[in-house]
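Taken in order, these protein sequences are the chains called V and A.
If you're matching positions, the first sequence starts at 0 in my numbering and goes up one per residue.
If you're matching positions, the second sequence starts at 0 in my numbering and goes up one per residue.
Careful: at least some of the hints might be erroneous.
The list makes no distinction among identical chains, and a pair is therefore deemed to hold if it is satisfied within one copy or across any two copies.
What the hints assert, rightly or not - For lysine-lysine, the following DSS-like pairs were computed, each having C-alpha atoms within a straight-line distance of at most 30 Å:
(1) Lys212 / Lys135
(2) Lys137 / Lys151
(3) Lys135 / Lys58
(4) Lys212 / Lys176
(5) Lys129 / Lys218
(6) Lys58 / Lys249
(7) Lys218 / Lys176
Calculated directly from the structure, the hints in this document are not laboratory data.
As a plain string of letters, each chain reads:
Protein chains: 2
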Amino acid sequence: VIENRHFLIDCGEGAQMQLSRFQVPVQRIDHILISHLHGDHYLGLMGLLFSMHLLRRTKPLDLYAPHALGPIVTAQLHAAGTALCFPLTFHPLPVGPSQVILETDHIAIETIPLLHRTPTYGFLFREKPKPWRLNKAKLPPDLSWDDRNRLKEGKDLFSDTGQLRYTNRDLTLAPKKSRSYAYCSDTAYNEQLMSRLQGVDLIYHEATFLDEKELQASKTFHSTARQAALIARGAGASRLLLGHFSARYKDLQPLLDEARAVFPATDLAIEGESFTLEE
Amino acid sequence: VIENRHFLIDCGEGAQMQLSRFQVPVQRIDHILISHLHGDHYLGLMGLLFSMHLLRRTKPLDLYAPHALGPIVTAQLHAAGTALCFPLTFHPLPVGPSQVILETDHIAIETIPLLHRTPTYGFLFREKPKPWRLNKAKLPPDLSWDDRNRLKEGKDLFSDTGQLRYTNRDLTLAPKKSRSYAYCSDTAYNEQLMSRLQGVDLIYHEATFLDEKELQASKTFHSTARQAALIARGAGASRLLLGHFSARYKDLQPLLDEARAVFPATDLAIEGESFTLEE
Numbered sequence: 000v001i002e003n004r005h006f007l008i009d010c011g012e013g014a015q016m017q018l019s020r021f022q023v024p025v026q027r028i029d030h031i032l033i034s035h036l037h038g039d040h041y042l043g044l045m046g047l048l049f050s051m052h053l054l055r056r057t058k059p060l061d062l063y064a065p066h067a068l069g070p071i072v073t074a075q076l077h078a079a080g081t082a083l084c085f086p087l088t089f090h091p092l093p094v095g096p097s098q099v100i101l102e103t104d105h106i107a108i109e110t111i112p113l114l115h116r117t118p119t120y121g122f123l124f125r126e127k128p129k130p131w132r133l134n135k136a137k138l139p140p141d142l143s144w145d146d147r148n149r150l151k152e153g154k155d156l157f158s159d160t161g162q163l164r165y166t167n168r169d170l171t172l173a174p175k176k177s178r179s180y181a182y183c184s185d186t187a188y189n190e191q192l193m194s195r196l197q198g199v200d201l202i203y204h205e206a207t208f209l210d211e212k213e214l215q216a217s218k219t220f221h222s223t224a225r226q227a228a229l230i231a232r233g234a235g236a237s238r239l240l241l242g243h244f245s246a247r248y249k250d251l252q253p254l255l256d257e258a259r260a261v262f263p264a265t266d267l268a269i270e271g272e273s274f275t276l277e278e
Numbered sequence: 000v001i002e003n004r005h006f007l008i009d010c011g012e013g014a015q016m017q018l019s020r021f022q023v024p025v026q027r028i029d030h031i032l033i034s035h036l037h038g039d040h041y042l043g044l045m046g047l048l049f050s051m052h053l054l055r056r057t058k059p060l061d062l063y064a065p066h067a068l069g070p071i072v073t074a075q076l077h078a079a080g081t082a083l084c085f086p087l088t089f090h091p092l093p094v095g096p097s098q099v100i101l102e103t104d105h106i107a108i109e110t111i112p113l114l115h116r117t118p119t120y121g122f123l124f125r126e127k128p129k130p131w132r133l134n135k136a137k138l139p140p141d142l143s144w145d146d147r148n149r150l151k152e153g154k155d156l157f158s159d160t161g162q163l164r165y166t167n168r169d170l171t172l173a174p175k176k177s178r179s180y181a182y183c184s185d186t187a188y189n190e191q192l193m194s195r196l197q198g199v200d201l202i203y204h205e206a207t208f209l210d211e212k213e214l215q216a217s218k219t220f221h222s223t224a225r226q227a228a229l230i231a232r233g234a235g236a237s238r239l240l241l242g243h244f245s246a247r248y249k250d251l252q253p254l255l256d257e258a259r260a261v262f263p264a265t266d267l268a269i270e271g272e273s274f275t276l277e278e
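All chains should be modelled from the sequences, with the hints used to inform the complete structure.
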């Protein structure tokens with residue numbers, strides 16, 4: 000959730016049941032981003048679209064995914080004889096280097112190229128610079144709305160004849176922090192992420208294996224918990240979330256311990272839990 | 000399960016999780032039949048196929064479904080970059096009147112045309128006539144294997160010179176009953192089913208609504224519990240299983256009561272329960 004826009008990233012089989020179980024209202028979702036077309040990342044999409052239709056959604060929905068998903072969705076709608084009762088816009092993800100795929104007044108989302116067995120995209124959410132905050136204790140009474148907006152933009156105030164009336168820093172407080180979140184779906188260990196994700200607040204990174212399975216991780220284009228932590232440390236991130244654990248690990252604590260040894264501010268992405276990035 | 004062949008009919012989202020929950024070994028499934036391409040009847044198929052692949056299945060799988068499913072499966076395998084490690088044969092269901100789609104030594108399966116918003120197929124499973132059973136108490140010691148097989152086929156035994164040696168009925172017991180099962184997926188009330196399903200042992204019939212919603216049932220090409228029971232009674236079936244209940248009914252007892260008032264040998268198809276047809 001950013002500025003009351005709701006983003007769903009990836010949508011495995013049963014996603015609609017899980018959303019319902021955790022009482023996430025599906026009709027609030029405005030944007031769905033699919034990182035790649037392996038089953039565990041998108042097979043819940045059609046069920047979610049059909050449910051939105053049955054619930055008589057009217058609000059537009061934007062879908063960002065590898066281009067091959069377009070015809071798959073179209074064929075499944077056609078096979079069901081369903082013309083969706085809401086506008087669905089499909090945005091094929093651009094092949095190649097990082098690109099901005101969505102930009103609003105408040106945020107920009109760009110792709111993160113990842114290394115996997117099929118074309119796979121990470122997503123970097125960045126809030127745009129926020130306005131300077133008016134310091135109400137110091138605000139003179141004679142300010143117009145234009146004056147106030149100039150202050151929020153960080154500008155000083157001048158009279159019609161060009162004389163300095165007020166210095167911005169005397170009347171304002173520094174803007175709130177612009178937060179950032181990087182979602183790194185399935186990927187082999189990729190040191191380029193360290194520079195690309197410099198200073199990101201929160202990184203979600205897959206950690207399919209423990210480091211003792213590093214060879215298997217590299218063969219299957221996945222990462223180990225330690226490798227995920229190395230990325231977070233190298234990027235100077237504030238926090239790391241691990242996910243996409245192999246079903247072989249009934250106990251996830253060793254994965255967490257392994258990552259924390261490298262990057263202490265690590266947590267596990269547990270189904271149904273929510274994380275808030277403070278401003 | 001018929002003669003150790005395992006059939007899966009329809010495969011909604013989450014089917015593989017439910018099969019696992021009820022400890023049904025997915026690799027034993029030999030044949031998957033899909034009645035129609037509404038999401039709740041087939042969106043779990045791809046996940047099941049991918050899982051069979053990950054579990055390194057080698058045994059062939061036969062898939063029977065409306066023809067539009069073929070390219071949908073192919074596109075999804077292609078998008079994932081997956082070449083299945085087991086042979087998957089797709090059999091598009093024949094448009095039009097009832098046809099036999101699968102025949103083995105022991106059974107035949109034919110389609111049942113249904114009335115729904117998209118091309119929809121029911122499936123009628125019929126065991127073939129079974130052999131006469133040798134009555135061990137009466138069997139003379141001088142019978143060859145050929146003699147025994149002739150008896151099982153219901154034939155009398157003659158000497159080389161054409162003289163009657165034994166009358167079949169003196170040495171045999173009547174064959175076991177040939178069982179039959181009709182799966183009637185989503186359909187509007189359709190009286191033609193009564194003649195088509197004459198004498199079937201077990202009918203599964205959808206019962207989306209109570210009869211007070213008959214208008215809504217007919218508008219959406221679904222049936223009421225009472226209508227399902229009328230079909231079973233008209234067909235002279237032995238038993239009726241109701242399923243596909245609207246989510247509006249938290250308590251299913253009224254649906255069962257309504258059907259039993261017309262056809263007492265009715266049960267609800269509850270997830271995870273199994274039904275055996277006695278011979």
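Okay, the hints, checked on the actual structure:
1. Lys212 / Lys135: neither (57 Å within a copy, 62 Å between copies)
2. Lys137 / Lys151: Result: close within a single copy only, 14 Å intra versus 105 Å inter.
3. Lys135 / Lys58: Neither: 38 Å inside a copy, 74 Å across copies.
4. Lys212 / Lys176: Neither: 39 Å inside a copy, 56 Å across copies.
5. Lys129 / Lys218: Cα proximity of Lys129 and Lys218: none, with 43 Å in one copy and 53 Å across.
6. Lys58 / Lys249: between (40 Å within a copy, 29 Å between copies)
7. Lys218 / Lys176: neither (40 Å within a copy, 55 Å between copies)
The structure is inconsistent with the numbered hints 1, 3, 4, 5 and 7, although it conforms to all the rest.
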